[in-house]
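Let's have the full structure, built from the sequences with the hints guiding it.
Going by this note's numbering, the first residue of the sequence shown is number 114, and it counts up by one from there.
Be aware that a few hints might be false.
Computed cross-link-like contacts, DSSO-like style, restricted to lysine-lysine with a CA-CA straight-line distance of at most 30 Å [claimed, not checked]: (1) Lys159 / Lys123; (2) Lys131 / Lys154; (3) Lys154 / Lys123.
No lab work stands behind these hints: they were computed from the structure.
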Amino acid sequence: MHDFVTMLDKNLIYIAHKIKGDTLIIQVASSQTMVQCPYCKTYSTKVHSTLHQLKGLHKL
Numbered sequence: 114m115h116d117f118v119t120m121l122d123k124n125l126i127y128i129a130h131k132i133k134g135d136t137l138i139i140q141v142a143s144s145q146t147m148v149q150c151p152y153c154k155t156y157s158t159k160v161h162s163t164l165h166q167l168k169g170l171h172k173l
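Listed below in structure tokens is the structure:
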């Protein structure tokens, strides 16, 4: 699972995963300490927003 997460983004750290019904839930964290918000372009060390669900990974 670690390799899969790294393939998605080299800055992600795999924490855990579980299967709930027909859904795979992957818990990750960022290895970056400061990032730029893609929306407002401000650099921050705190969470600006979160992404709870990715759809369409079956198309990879």
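Verification of the supplied hints:
Proposed proximity of Lys159 and Lys123 is supported: the alpha carbons are some 20 Å apart, at most 30 Å. Taking the CA atoms of Lys131 and Lys154, the gap is near 33 Å; set against the 30 Å cutoff, the hint is violated. Our distance criterion of 30 Å between C-alpha atoms is met by Lys154 and Lys123, whose separation comes to about 21 Å.
In terms of the numbered hints stated before, the structure departs from hint 2 and from no other.
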